[in-house]
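Here the protein sequences line up with chains A and B, keeping their order. With the working numbering applied, the first sequence closes on residue 1616, and no number is skipped along the way. With the working numbering applied, the second sequence closes on residue 1616, and no number is skipped along the way.
Honestly, I wouldn't trust all of these hints.
For chains that are exact copies, the list does not tell them apart, and a pair is met inside one copy or across any two.
In silico BS3-like pairs for lysine-lysine, Cα to Cα no more than 25 Å straight-line [to be verified]:
#: 1; residue 1: Lys1150; residue 2: Lys1463
#: 2; residue 1: Lys1343; residue 2: Lys1150
#: 3; residue 1: Lys1261; residue 2: Lys1233
#: 4; residue 1: Lys1216; residue 2: Lys1343
Note that these hints are calculated values from the structure, not bench results.
Below, each chain spelled out in residue letters.
There are 2 protein chains.
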Amino acid sequence: MSEYPLQTHTLTANTIRGLAMDAVQRANSGHPGLPLGMADVAVVLWSQFLTHNPADPEWINRDRFFLSAGHGSMLLYSLLHLSGYDLPLEDLQNFRQWGSRTPGHPEIHLTPGVETTTGPLGQGLSNAVGSAIAERWLAARVNRPEFPLIDHHTYVIASDGDLMEGISHEACSLAGHLGLGRLIVLYDDNGITIDGKTDLSFSEDVLKRFDAYGWHTSHADGHDPEAVRAAIAAALAETERPSIIACRTTIGFGSPNKANTAKAHGEPLGVDEVRLTKEKLGLPAEEFYVAAEAREFLGAGGRAGAQKHAAWATLWEEYSQQYPDGAELFRLMLAGEADVSLDLAELFDPAKSIATRVASGVVLNAIAPQVPALLGGSADLTPSNKTDLKGEGDLRRGDFSGRYIRYGIREHAMGGIMNGMALHGGVRPYGGTFLVFSDYMRPSIRLAAIMEAAAIYVFTHDSIGVGEDGPTHQPVEHLMALRAIPNLTVIRPADPTETAAAWLAALENKKGPTALALTRQNLPNLNGTIGDALRGGYVLADADDPQVILIATGSEVQLALGARDILAREGIAARVVSLPSFELFQAQPEEYRESVLPRGIRARVSVEAGVTEGWERFVGLDGASVGINRFGASAPYEVVFRELGITAEAVAEAARAVLARLR
Amino acid sequence: MSEYPLQTHTLTANTIRGLAMDAVQRANSGHPGLPLGMADVAVVLWSQFLTHNPADPEWINRDRFFLSAGHGSMLLYSLLHLSGYDLPLEDLQNFRQWGSRTPGHPEIHLTPGVETTTGPLGQGLSNAVGSAIAERWLAARVNRPEFPLIDHHTYVIASDGDLMEGISHEACSLAGHLGLGRLIVLYDDNGITIDGKTDLSFSEDVLKRFDAYGWHTSHADGHDPEAVRAAIAAALAETERPSIIACRTTIGFGSPNKANTAKAHGEPLGVDEVRLTKEKLGLPAEEFYVAAEAREFLGAGGRAGAQKHAAWATLWEEYSQQYPDGAELFRLMLAGEADVSLDLAELFDPAKSIATRVASGVVLNAIAPQVPALLGGSADLTPSNKTDLKGEGDLRRGDFSGRYIRYGIREHAMGGIMNGMALHGGVRPYGGTFLVFSDYMRPSIRLAAIMEAAAIYVFTHDSIGVGEDGPTHQPVEHLMALRAIPNLTVIRPADPTETAAAWLAALENKKGPTALALTRQNLPNLNGTIGDALRGGYVLADADDPQVILIATGSEVQLALGARDILAREGIAARVVSLPSFELFQAQPEEYRESVLPRGIRARVSVEAGVTEGWERFVGLDGASVGINRFGASAPYEVVFRELGITAEAVAEAARAVLARLR
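Bound conformation, chain A alone (with noise of 0.2 Å):
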């Protein structure tokens, strides 16, 4: 390796330092500790590694960074600013204020060069596997000889906080597990918590760790940027295993009297401090100071990334010359488009009952071919999500060529991975687990929303019909819960078709996750239109001038059916809502869903195999809603659904006493 320019070096990270306390200063609110502590790390990794274009954020080969510690946020900030990134100083003085594009955690979508969504700790770590897998996992698709057309790395800065959250041990097990040697972790190593010491709470050994997921660790001294840079070309090296640099800092480095304890953590250095470190650290007074030099040496990383840009694109087009199949290929996966075709027809039999899990794989395994993106996968339960695809092989340590990943019982990596794969560009994930888990995985859910991540969840045995393993694993409160997520669309179908319509849903939901809640048990073909179930609800049985409406998702659907003929022999008029999106359904226009549920008829009973909270939005004071407020119960299916009344006879005697209630 050449010579490094140590003073270049450290005057650019005393400039990233001074951006970082004077903006956490001004917006009175922030966290200088990280940034101050790892400037070091971060100044030698942009500037001697990290191949990226300022000019053109979304360069798929890019090289990807995730800062798992998002509340060093300005860290971040200040190196996308530096090194040339649509990010002026003014943002950077705006730090944490309303509507600027720096706000008080990193967040994708709104600042040029974020790669993802972070703060809540260890996500962004699983982030990075999922990354890392996506690269290995395109590189395998479309690479050819001489055209390593994806051969990019996966950097992150984690804390002692991403990984003692448990998502950490389930992320990085796997990808050791994998081999994920293009994987580098840059372990900030600072011994300090917002209680204080971390050995108030931590003295594992982690590199020892680390070492025993099959990675590849190293130490090195944070502050000395020989030291880091020769620990990242070690890194960089070892290609078969993901690597971990325990990089040992000072949290609120240069700090005179904070440095090393936990008031530099989360909260402003204070006017005094920030001028005393300042000295101490030999930077000019000046609020936003930035030496020229620093610009220069990080804008230099960036040019060299924009040139190995340019020179990718002339492989591209050569590429695409030679191998028109890999890049039509190519481009059908980055592009995500979908135009799927389904014959129900051929794939399910009408008179036949069949689970929605069935149902679901056998939907999933006619779009698979025509979705090359789709990466598939379950946390250990493959055979009963059926999750599957036929004639694909698993992803594996050194072979990538499958489309399943063997998740493990690991939910929450599930998750922080998929949304690490979405975000890359290229793949559609999918994962399966039993919906009662959705709770292991609920912190990634809620990021995918956030995120806008297009990560497809399929949870089966969505209610007390998982019958004998009992309450603790028979959901009642999910379906309401994952409801509650912002940007999270929740579908459970009835049947077959609604189940076909979930999917295609799903697909064309590129905006945020879809979560689909699939029966264990068999349910009856109900119905032949895939357009209305597509609207979220929509009339699936009716009577003229009904007096009661019975609205149901799912395995219930057919209990309203039950209770409406029930209902008819006692001349009762009654219409059933099938309604397996609330999500889908509210995005309708006014019109359609007054044609649906019209304001002038109150009688209104929901149906549901879970807790009520939720559907008093459908019908309201003066309906009446048959769900279970209390945990399941271990027996088979059929016993648990008729002594806990969900049934047919309980719809029709709520829907009796609302009309007597209104009479």
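Fit chain B to the given chain A structure using the hints.
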């Protein structure tokens, strides 16, 4: 050690195998693999080491046994039956049937001797860490020289799945940090998961990982009773570190065609295979056969435990005489009684605005001296959650005299550990994090609710009031998602008085967990009657003949009051209802609820800085909800409230619109 009766051992283990196979086969549902695989290990533990009294499963100083891999429930039921618990063979024959005491996964309170409800993986292991902490903490409080009232061990059977889950990392890292020498984990190292061989997804060196956590680690052939016995003895001899013994076992041991395959894991072996397995094991074909020697062998373990219990009772008598204060403290802690008195006038200045998190800290510190069982903590947000107890120390390796747990950035483990402490007896755990991170611990919260574990969650930073930290840290869906969990009481107080009521309600709730949602930002002191707040909802400000009801929680109550003033100036009479807890309010008599929210007044507006889903329960189809059906934003909190339309004027405007619509 004396010679181990190998023949009796084998007959006992095989009796368990027979019971497990038969019960699963008769239920036509269940998991034979683990009972067959771990029968040898369990028999060694229960016959030679476990101190327990089948006649009194509640004895406080019994050893605890946690089957973290709850799907292996038939192993536990067989052990309980053979050891002499009140669990007759008929119960085993009713495995997984409605109303039986042998549900699919073990459920505490239902079955004598079952220490926790397991199934969701990683939870039982974390409960065990909680049990081991509770044991040391109680020991530090009540033991006296010569009087080791509390000195039991905690044993766990954990599976590959338990150790793959992230919560296992969090809990076990903390267990190593705290040096929980009385915790012994028997790891069922069988190399198989649902998807197939563990090497599909799992290749970490588990023991090296636990070594990195500071654990004592060892290997044993899980089908060599002498080796298992020696390993457990060695683990008992190690008092400074928790121990994990990797027991190499064969899943479905004895099954000629399914052993060592995923097929043995989670479905009946089949009638023929059961027959073949019994033949191979030398068992009679008889269904639910019990060898008398097996009952004798495990019964002897129980009888030895009963003798120890009797000796302990004598010790306790002597202790009570010699240390009456200690005995009184112990009784108080065990009863969990809390006759708490609070002088609000002394605690709070009615003229001063404070955040409810600050009010919570004040109340908590007033309560703590009166409730000796309270044991606090935070997931590294102590200064933010205001959960510290003044003058009390932290629990530390070798010194458990403190009263506060530094959980580290491990929300999920905190949840699981709190459950284990609550189940242990003698401890009322509370723990803090940000409301948004309740998602990280949601599976444990759900289990607390299922198990009726009286944990108290201090969730601060409960809305967009978080401000600059932005959408990743601003909960919007969490209140409603928590309210969806059955048997969880959620309380969001509006001021210091309501905060005090919230704490009193939490202490009174011994049949389930309570979540307190508290503000980061300051709020005015609104009212002075604690009794109203304890009812969950009440009329805070009324009007003669109100035309509209404004309903609010927490920090938005002041907005409802502001809207009432605005409307009053326009001649519109509005009632303001403060509704800190849906659950407490819904537990009130119908008559009371009707007096607060009269059915006749349909003009209703709710205001809460979160999703509106669920508010329709109170405002119906005719009312309106002022809320946030999107993610938040990074900016000073006053700006975020204004920009997202959570203002008094918005509430007033919604009221006008509702009134106009109803006119």
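Report the numbers of all earlier hints that the structure fails to satisfy, in ascending order. 1, 3
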